[in-house]
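Q: Here are the chains, one letter per residue:
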Amino acid sequence: MNWLQKIMTPKARPQGAAAAKGKVPEGVWEKCAGCGTVLYRPELERSLMVCPKCGHHHAIGARTRLNAFFDEGITEELWPDLAPSDPLKFRDQKKYKDRIVAAQKATGEKDALVAMRGALKGRSLVAVAFEFSFMGGSMGSVVGEKFARAAELALAERTGLVCFSATGGARMQEGLFSLMQMAKTSATIRRMRDAGVPYISVLTHPTTGGVSASLGMLGDLNVAEPKALIGFAGPRVIEQTVRETLPEGFQRSEFLVDHGAVDFIVDRRDMRDKLAAVLGIMGKQPRAA
Amino acid sequence: MNPNFLDFEQPIAELDAKIEELRHASHGQAFNIDEEVGKLREKLKVKTAEIFRNLTPWQISQLSRHPARPYTLDYINGMCEEFHELAGDRMFADDAAIVGGLGRINGRSVMIIGHQKGRDTKSKVKRNFGMPRPEGYRKALRLMKMAEQFSLPLFTFIDTAGAWPGINAEERGQSEAIARNLMEMSELRVPIICTVTGEGGSGGALAIGVGDRTIMLQYSTYSVITPEGCASILFKSADKAKDAAEFMGLTAPRLMENGLIDKIVREPLGGAHRNPSSMATRLKAVLMNQLDELEAMPIDDLLKKRYARLRGYGAYAE
Numbered sequence: 001m002n003w004l005q006k007i008m009t010p011k012a013r014p015q016g017a018a019a020a021k022g023k024v025p026e027g028v029w030e031k032c033a034g035c036g037t038v039l040y041r042p043e044l045e046r047s048l049m050v051c052p053k054c055g056h057h058h059a060i061g062a063r064t065r066l067n068a069f070f071d072e073g074i075t076e077e078l079w080p081d082l083a084p085s086d087p088l089k090f091r092d093q094k095k096y097k098d099r100i101v102a103a104q105k106a107t108g109e110k111d112a113l114v115a116m117r118g119a120l121k122g123r124s125l126v127a128v129a130f131e132f133s134f135m136g137g138s139m140g141s142v143v144g145e146k147f148a149r150a151a152e153l154a155l156a157e158r159t160g161l162v163c164f165s166a167t168g169g170a171r172m173q174e175g176l177f178s179l180m181q182m183a184k185t186s187a188t189i190r191r192m193r194d195a196g197v198p199y200i201s202v203l204t205h206p207t208t209g210g211v212s213a214s215l216g217m218l219g220d221l222n223v224a225e226p227k228a229l230i231g232f233a234g235p236r237v238i239e240q241t242v243r244e245t246l247p248e249g250f251q252r253s254e255f256l257v258d259h260g261a262v263d264f265i266v267d268r269r270d271m272r273d274k275l276a277a278v279l280g281i282m283g284k285q286p287r288a289a
Numbered sequence: 001m002n003p004n005f006l007d008f009e010q011p012i013a014e015l016d017a018k019i020e021e022l023r024h025a026s027h028g029q030a031f032n033i034d035e036e037v038g039k040l041r042e043k044l045k046v047k048t049a050e051i052f053r054n055l056t057p058w059q060i061s062q063l064s065r066h067p068a069r070p071y072t073l074d075y076i077n078g079m080c081e082e083f084h085e086l087a088g089d090r091m092f093a094d095d096a097a098i099v100g101g102l103g104r105i106n107g108r109s110v111m112i113i114g115h116q117k118g119r120d121t122k123s124k125v126k127r128n129f130g131m132p133r134p135e136g137y138r139k140a141l142r143l144m145k146m147a148e149q150f151s152l153p154l155f156t157f158i159d160t161a162g163a164w165p166g167i168n169a170e171e172r173g174q175s176e177a178i179a180r181n182l183m184e185m186s187e188l189r190v191p192i193i194c195t196v197t198g199e200g201g202s203g204g205a206l207a208i209g210v211g212d213r214t215i216m217l218q219y220s221t222y223s224v225i226t227p228e229g230c231a232s233i234l235f236k237s238a239d240k241a242k243d244a245a246e247f248m249g250l251t252a253p254r255l256m257e258n259g260l261i262d263k264i265v266r267e268p269l270g271g272a273h274r275n276p277s278s279m280a281t282r283l284k285a286v287l288m289n290q291l292d293e294l295e296a297m298p299i300d301d302l303l304k305k306r307y308a309r310l311r312g313y314g315a316y317a318e
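The listed protein sequences correspond, in order, to chains R and U. Under this note's numbering, the first residue of the first sequence carries the number 1, and numbering increases by one thereafter. Under this note's numbering, the first residue of the second sequence carries the number 1, and numbering increases by one thereafter.
Accuracy of the hints is not assured; some may be wrong.
Not the full set, but computed from the structure, chain R residues with beta-carbon under 10 Å of chain U [claimed, not checked]:
| # | residue |
| --- | --- |
| 1 | F90 |
| 2 | D98 |
| 3 | G144 |
| 4 | S178 |
| 5 | S214 |
| 6 | G216 |
| 7 | F255 |
| 8 | G260 |
| 9 | R272 |
| 10 | K274 |
Read the hints as simulated data drawn from the structure, not as lab findings. C-beta atoms are modelled at their ideal positions from N, C-alpha and C, and glycine is treated no differently.
For reference, chain R alone in the conformation it holds in the complex (with noise of 0.2 Å):
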């Protein structure tokens, strides 16, 4: 036993195979991918995996991400159901339905999208958030439809809108279907503006593609966590159109800022406080529809 097992609480001890070889065991230890400190990733776990030596932001899971975001205890997931399908029976490499059965095995998620309904400090509030480990967050019709149900549901209720996107974009597998996806998801967008509902898009590392260029960019509040990867064509694509070395921090969140995209940085730590704040200025007074 080395001298951090030695300090560690039982519990957190590894037991079995690892410890009898003396390995870090998976999922108790975490390298921060920004700073390379280790952590223990229970408490990463508690800092929303943010790393509390540097402030590097980690993929956190959409449930889990709703879960911290909403006061305790009352979420209710909507239109947990909505499954996807496979319309244009696609097949590159593997086929489309047998990457959504492994996608659903691997997350326990039915597709990339998962809608609650809340409370953000006591005020009512639809909220949706991307899983990025579903098929790159990917939107198809199951995503759009279930964004634009919320955004439907926030605009009947005038409670506003709160959407977390992590995703590579368009889901390429239900072809046009998915590109379809942006309009429709856009159209909603319209009419909660058009009845003063607030819609807050949270950009988090990576949104792009046809996602960015649709629901992301359209918040009424468009807000980023820091670092985090943003744009239309993802910089492989570019740097193969431009044939040049990116600048450092292109695409990045400040970046986003500098050019005038994004209203503000906020640390996945206080997302909470920042957005009640700003949502209890926005929302107050709700203009008739």
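Starting from the known structure of chain R, fit chain U onto it as the hints suggest.
A: Using the frame of chain R, we list chain U on its own:
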């Protein structure tokens, strides 16, 4: 090989060349070649019909970006009694990859917006290969708003491989420019008819493609990504574009089956590029017809229908 013909069009190119040669050779000669030319013309017709009877989705993709395919300004010339091009987004620049302006068709005042590609090297560069930057989409939005202000129905012509993926485009907010158009078009208070004339490439196409009707020319395509892009990401090789095209469902008949478009306009034998003026005439007739239908509806009903149409896109289980 004639570079102005696609590989599967080569038999057409050869017959074309023979007819030309014969006509040239007989110029000023006493003997009559009418009969011979007539025969060759008939042969050309049969051969063309044969080639075009069973095109693969990949062949159609190639036709949709045929170097001789008519572009927006060709259609405008072929349809309008008058056209006054308008430039600039009033914020940054004029983007030549999108053209637009005030037009008159059959005496009716309209606003027209479309992607524009170039023909020769110089104009291709000027038009940025039909790939707009944010200022192009913002010019389009300015003209849409003007259409609304003066109650002009809006025709859009879609023909782009996609929005420009460049550093400057990102700096100026490519995503926002596209997104805003999608949002604004969903409630623009004039009838909107969108026609895919060539390549309907992803968000860059859709950014002028939201409206009351989506029409496609017979050999145009409409997709979420180019076959090459899809192949390089999902098939791990750009050479598999042919296979990708099969599965992407990007041809007009497939999209019609899936309820994603409203109408297909037949192209002349051998494709729009074989007879651009006839193509323009056909499309004009369809557009006027569709416009009559839309204008018969009160605008609020039209907007409700438009929303229901947009809202209805999707294939999912519940």
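Q: The structure should be examined with respect to each hint, and the outcome stated for every one.
A: Results for each hint:
1. F90: holds, 5 Å
2. D98: With a closest approach of 13 Å, the D98 (chain R) hint is violated.
3. G144: holds, 6 Å
4. S178: Nearest chain U Cβ about 5 Å off; hint holds.
5. S214: holds, 5 Å
6. G216: This interface hint holds because 7 Å falls under the 10 Å limit.
7. F255: Holds, because the Cβ-Cβ distance from F255 (chain R) to chain U comes to roughly 8 Å (cut-off 10 Å).
8. G260: Where the cut-off is 10 Å and the nearest Cβ of chain U is about 7 Å from G260 (chain R), the hint holds.
9. R272: violated, 26 Å
10. K274: At about 22 Å, which exceeds the 10 Å cut-off, the nearest Cβ of chain U leaves the hint on K274 (chain R) violated.
When each numbered hint is compared with the structure, violations occur for hints 2, 9 and 10.
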